[in-house]
Amino acid sequence: MTETVAAIVAAHRAGTMTPAQTVARSYQRIREHNDPAIFISLRDEKEALAEAERLVDPALPLHGVPIAVKDNIDVAGLPTTAACPAFSYVPARDSTAVARLRAAGAIIIGKTNLDQFATGLVGVRSPYGIPRNPVRGDLVPGGSSSGSAVAVSAGLMPLSLGTDTAGSGRVPAMLNNIVGLKPSLGLISNAGLVPACRTLDCISVFSLTVDDALAALAVMAGPDDADPFSRDRPLAPLTTFPAKLTLGIPKSGQLIFFGDREAEKAYFEACKRWQSLGAELIEFDLEPFYETARLLYEGPWVAERYLVIRDLLASSPDAIHPVTREITIGGARPTAADTFSALYRLQALRRVAERTFAQCDAIVLPTAPTVYSTADVLANPIELNSRLGTYTNFVNLLDLCGLALPAAMRPDGAPFGITLLAPAGRDAELASIGRVFHADTGLGLGAKALPQPPLAAVPARAGADEITIAVVGAHLSGMALNHELTTLDARLLEPAVTAPDYKLYALDTTPPKPGMLRIEAGAGHAIKLELWAMSAAAFGKFVAAIPPPLAIGTVRLADGRQAKGFIVEPAAIGGAKDISAYGGWRAFMAEKAKA
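In this text, residue positions in the sequence shown follow the numbering used here: the first is 3, and each later residue adds one.
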């Protein structure tokens with residue numbers, strides 16, 4: 003199956019598919035799906051194919067992966083409309099997030115539809131049409147990131163970017179039976195994003211699996227001087243499911259489902275699933291979170307939305323969707339005193355939230371309390387939209403990260419999802435537990451109900467106080483110098499392989515050792531090695547004892563990771579035997595022993 007990001011990258015590295023073939027497949031699927039409301043603009047297919055054919059480094063983490071981008075995020079050469087033709091402009095450069103995706107090997111295919119100016123959770127507030135929900139056609143697709151979520155659910159793209167100010171990266175995920183990752187504020191740069199509420203905005207990720215979403219986040223995460231709201235938050239690696247996990251659920255009677263008994267039943271079944279996975283559930287008071295949510299649209303933060311389009315409201319009010327206009331124009335009313343009053347209350351509510359999270363690792367809520375048809379939302383656009391944000395509107399105000407997960411398919415064919423929430427900076431922790439929950443549901447992926455791939459094992463990793471070192475020759479386990487590692491209490495993490503950027507030479511040393519030399523990307527061989535972890539003090543002792551011509555440099559691995567490891571000085575390979583074709587030192591030594 004080559005539908006997930008992980009499977010696509012693996013196929014490209016193995017040569018069973020090329021990036022150009024995968025890109026061409028996406029365009030063909032877009033044509034066959036025939037829903038013109040999903041994309042506002044598509045990139046020229048020949049241009050995208052040419053970019054795919056120019057990719058030369060299969061070690062790139064998103065090598066040849068097609069991606070769709072919500073049309074309030076800049077992509078060089080494609081119009082940014084925010085679903086308002088009168089607002090449209092053509093950016094000269096990519097947003098930082100898109101630039102980082104391209105650098106990781108991703109291919110941008112097009113710009114997706116949205117609730118105008120990212121104001122809405124329904125996906126029906128756009129002059130470019132309403133994308134059809136591919137899971138159940140009468141339901142709203144969810145917004146504001148409607149096109150991005152539908153593109154992934156329908157199998158047109160394995161990955162897409164949305165944005166999430168009040169739930170726009172989570173509600174569409176539930177309604178389309180996919181994963182929605184809402185990162186910590188500032189983790190992904192917002193440079194090149196049309197703001198909705200600038201202090202609360204974040205770029206989000208839609209995918210079929212949690213691992214795919216985290217792979218995209220890892221590429222985009224990092225500080226950016228072009229975004230004053232950017233934060234330097236190192237992204238932790240995935241970990242195994244913890245032996246002790248405490249999750250918060252609301253006190254009895256506090257959840258709201260607006261009479262939807264199927265949604266209520268699905269939520270409590272999801273809670274039972276967490277318990278079966280070993281989690282302890284404790285109750286917390288949800289009321290302060292509800293109060294925080296009310297601040298978003300009833301408080302002064304609407305003024306941030308007003309700031310974005312006030313000039314357009316003054317010059318061409320009819321260019322703005324009537325519902326968007328009605329909501330946004332209220333942002334002109336709050337006073338400075340109103341703003342400070344709300345900020346004071348918000349700070350008090352943040353302290354309450356901190357006490358909640360001091361008792362648990364994360365909280366588990368319904369992503370949305372119910373589902374609505376497009377007809378119902380068009381008849382009652384503001385109230386029903388507001389209901390969908392019941393469990394999402396407070397999240398960014400409280401500086402939380404979130405992960406929306408498929409949880410069940412209801413008897414009526416509607417999808418149901420839950421969201422994990424935790425304080426900012428715990429994105430990888432949520433992913434580490436969320437991936438296990440999603441796999442345990444056994445749900446099919448997206449609207450196509452594709453079978454879930456086996457959950458990839460989480461590799462052993464160095465601890466926070468350890469350094470990973472890649473060994474390629476005599477220090478391999480069982481080899482002549484391995485004792486130099488074990489006497490320093492180093493521990494074997496995993497076997498691995500380099501990117502195909504290296505040559506391996508047999509050096510004339512005692513005992514025999516190889517020298518690994520990095521050459522042009524993709525022009526060498528993939529060399530087998532081992533990753534070991536050791537304390538910083540032990541690492542210093544080990545490196546100090548390494549004799550020339552060997553040295554420690556940075557080794558690129560086939561999966562895109564990097565590690566400190568053995569390399570050779572180029573001057574030492576003159577006359578040395580090139581043993582690269584063996585693919586590693588063990589194979590060469592085994593052949594030598596036979597001879």
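Please note that the accuracy of each hint is not assured.
[As the list claims (entries may be wrong)] Cross-link-like lysine-lysine pairs, in silico, DSS-like; alpha carbons within 30 Å at most: (1) 274 - 450; (2) 594 - 579; (3) 246 - 274; (4) 450 - 505; (5) 596 - 505; (6) 253 - 267.
Keep in mind that the hints were calculated from the coordinates and are not lab data.
These numbers were taken from a predicted model, which means no experiment stands behind them.
Here's how the hints hold up against the structure:
no.	hint	result
1	274 - 450	holds (26 Å)
2	594 - 579	holds (13 Å)
3	246 - 274	holds (16 Å)
4	450 - 505	violated (44 Å)
5	596 - 505	holds (23 Å)
6	253 - 267	holds (16 Å)
In terms of the numbered hints stated before, the structure departs from hint 4 and from no other.
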